[in-house]
Each structure stands twice: as C-alpha cells, then as structure tokens.
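Chemist: The residues making up each chain are set out below.
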Amino acid sequence: GAGVSQTPSNKVTEKGKYVELRCDPISGHTALYWYRQSLGQGPEFLIYFQGTGAADDSGLPNDRFFAVRPEGSVSTLKIQRTERGDSAVYLCASSPDSGGYNEQFFGPGTRLTVL
Amino acid sequence: GEDVEQSLFLSVREGDSSVINCTYTDSSSTYLYWYKQEPGAGLQLLTYIFSNMDMKQDQRLTVLLNKKDKHLSLRIADTQTGDSAIYFCAERSDYKLSFGAGTTVTVRA
Numbered sequence: 001g002a003g004v005s006q007t008p009s010n011k012v013t014e015k016g017k018y019v020e021l022r023c024d025p026i027s028g029h030t031a032l033y034w035y036r037q038s039l040g041q042g043p044e045f046l047i048y049f050q051g052t053g054a055a056d057d058s059g060l061p062n063d064r065f066f067a068v069r070p071e072g073s074v075s076t077l078k079i080q081r082t083e084r085g086d087s088a089v090y091l092c093a094s095s096p097d098s099g100g101y102n103e104q105f106f107g108p109g110t111r112l113t114v115l
Numbered sequence: 116g117e118d119v120e121q122s123l124f125l126s127v128r129e130g131d132s133s134v135i136n137c138t139y140t141d142s143s144s145t146y147l148y149w150y151k152q153e154p155g156a157g158l159q160l161l162t163y164i165f166s167n168m169d170m171k172q173d174q175r176l177t178v179l180l181n182k183k184d185k186h187l188s189l190r191i192a193d194t195q196t197g198d199s200a201i202y203f204c205a206e207r208s209d210y211k212l213s214f215g216a217g218t219t220v221t222v223r224a
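Chains as they are written, first to last, in the working numbering: chain D, 1 to 115; chain H, 116 to 224.
So here's chain H without its partners, still in its complex pose (with noise of 0.2 Å):
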C-alpha cells in the first residue's frame, strides 16, 4: 500500500527559503504533486513533477525528486505571510491519490 509521510511543522521568517520534505513508498508513482490548503479553502495543486524528472522550478517553487530513496521535497524561495497554510505533499498510482498529512508551514515577520 502507499505510505506518505512528512514533517509535521515549519516556521520560517519572511523573506527566507522554505522547505517541506516528503517520503513515499510506491516506486510506480508516475506523478507527485504539492498541494496547498489554506483555512476554509479546497486544497489547490501548486506543482507536480513527473517520475522520470528529478528537478522542477515554477517561479518561487523548486521541486526536487530522488527516485532511489523515494524523496521529494518543495522549496519556495522568499517565502511571504501569504505562503502560511498545510502543504501536502501526494502520490500518484493510476487515478488514486494518496496524501502525506500535511506539513503547517508559519511564516513570521
């Protein structure tokens, strides 16, 4: 079965680099996603990376996988007060997700 995991908690100060780490257990992922959940709000798909891929960068976003020890994690570079919500990181297996619980990232001033 799949088992996402992930730190639990992060403060960060505004203005420095955020990173949220994330293990996974199904080697045939093909792709793994960042999500953003912020209070009374959906989850929002912030980034993905495809299997074969070890880095993605979107603007502030920085995606970096290592297949062998199943490792992803999310950079966000200049974190801003707006970037404070639960980061969750998930897998995918054919259609299904499946979701680490959730990193609460604080930024403060």
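If we strip away everything but chain D, and leave its shape as in the complex, we get (with noise of 0.2 Å):
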C-alpha cells in the first residue's frame, strides 16, 4: 500500500516568505506527527495531531509555524516570514492510533532551504 507522502520533496525560498509543507499520512491512520530534522541531527519533534485537532503543538519553535489538518487525513504546515534557520527536512509521520508500540511510518521528508 501507499505510504507517507510529502510535497515537495524540495523548496526554496527567500527569507521573509510564507511557505507550506503538505503531507498525506497512510489511509486510516489517525495520528499524525511532524518533526523537523537539521542537518546532522536526530528529528526533532514539532506537533502531534490525533485526529482533526492538534493534541500538542508544544514543540513549535515560535508562532510562526503553524499546523493544520482540517479533516483528519492531510496535514499542511505553514511557516510565516521564514528565516535562514528554518532551513531543515520536514519529516511527516503517522500512525494507526498513538496507543501500543506506536510505529510511525515516516514519509520522506521536504528539504527547506531559505536564502
């Protein structure tokens, strides 16, 4: 079956511009996870959605990023006036439900690059 998949695999931009990150989760999972990975890190948590609402956002850097998924299936994140910092992967993951061993299936990522 399908698994995650993210659009686009690759963005650039210019600082101060507005972007948004799509993902489409695996049909019927219900949680879905964004988490944002710099380079030469581990990814690093963002926000956590158990189904339309966002159960914890506190991983957010500021309050210019933004999550939403207004029908329990795509997520999209917006990140408003980005700086050179953001520049990162932006790594989607769901899963069936946030209960057991809870695998996250990860999608490939969106390579953001601001300049």
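Please note that the accuracy of each hint is not assured.
Label pairs and their computed distance ranges (CB to CB) [said to hold, decoys possible]:
id, chain 1, residue 1, chain 2, residue 2, range
1, H, 154, D, 87, 12 to 22 Å
2, D, 68, H, 156, 22 to 32 Å
3, D, 14, H, 154, 23 to 33 Å
4, H, 154, D, 68, 28 to 38 Å
5, H, 224, D, 30, 38 to 48 Å
6, D, 80, H, 129, 46 to 56 Å
7, H, 143, D, 50, 43 to 53 Å
8, D, 97, H, 155, 21 to 31 Å
9, D, 12, H, 183, 24 to 34 Å
10, D, 2, H, 209, 21 to 31 Å
11, H, 154, D, 59, 24 to 34 Å
12, D, 16, H, 134, 40 to 50 Å
13, D, 101, H, 156, 33 to 43 Å
14, D, 13, H, 154, 17 to 27 Å
Hints in this document: simulated from the structure, not taken from any laboratory. Just so you know, these numbers come straight off a predicted model, no measurement behind them. Think of the CB as a built atom: it goes at the ideal place given N, C-alpha and C, for glycine as much as any other residue.
Dock chain to chain to rebuild the complex, using the hints, since each chain is given by itself in its own frame.
Modeler: Following this line, the structure appears as structure tokens:
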C-alpha cells in the first residue's frame, strides 16, 4: 500500500516568504506527527495531531509555525516570514493511533532551504 | 526533558558484527526504538523494545536494554554493505519520539 507522502520534496525560498508543506498520511491513520531534522541531527518533534485536532504543539519553535489537519487526513505545515534558521528537512509521520508500540511511519521529507 | 545520545560514527568490516550504543535520560520511556535512514529515503523502523524487557532478538538484530543505566544497544550480526546507513536511537514518552543525533555506519569490504 502507499506510504506517507510529502510535497514538495524540495522547496527553496527567500527569507521573509511564506511556505506551506503538505503531508498525506497512510489512509486510516488517525495520528499524524511533524518533525524537523536539521543537518547532522536527529528529528525533533514539532506537533502531533489526533484526528483533526492538534493534541500537542509544544515543539513548534515560535508563532511563525502553524499546522492544520482540517479533515483528519492531509496536514499542512505553514511557516510565515521564513528565516535562514528554518532550513531543515521537515518530516511527517503517521500511525494507526498513538497506543501500543506506536510504529510511526515516516515520509521522505521536504527539504526546505531559506536563502 | 529528554536527551538521547549516541556515538556519531562506526566503521565495520563486512561480515563482522556492528554494535551501536545509545544512552537516554527519560526513565518513564515506555518503548525504545532503532530507526534506519538511508540517503534519499525516509526513516525506517528497524526494531523496538518495550521498557520491561532487557533483550530482543530479530534475525540479525539484537537489542539490549539496561534500564538501570538507561543504556540501549543494537547489534547487527554479519554486517553487509546494505547496512551502511545512519541509525537513530529513539525513546518514547506518551506519543512523542525523541531521537539521538544518529550513528553513521560505514561497512568496508
């Protein structure tokens, strides 16, 4: 079956611009997560959705970052007034729910470069 | 807060065993994981261990957990060139995963 997909795979933008990153989770997965992976680092948690609601957005670095999941499936991560420090690979993951050993299935990521 | 540490690099000869070590800090972690990341590919779950276990074996993979010392290791037997990748240790508290910086494993002929 299809895995988690993310678009675009690469995004280059200029400092100060607005970007949207999209995640299509595995069909039927109710839990969705966004992580950010900077060069040479492991992924860092940003936000977790259970269904349509953001159950935990404590990892969002500041109020320039926002994410939505209006119908409980596709999610969009939105970054306003981008800064060079936002450059990273943004990873999306989904899981059937958040219980049990909770295997999170990761997408290939969107590499964001802010010039 | 959570803090997961692992060594950054490991070079191993093909056919030998690889051992990757990790330490974590959150004693309430319920599960611990090993993920593999290959260039251009997403993170792939290799194996996991529940916090009340001290060992888990899955084909060529052996996971050892020392909960007292908060130490986790992954042993790969008979390492192959296809095992060259970055390996991430991760701990889970509730639904959130906290990852180490990754160990780059290079397999040489």
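Chemist: Broken hints, numbered, in rising order?
Modeler: 7, 9, 13
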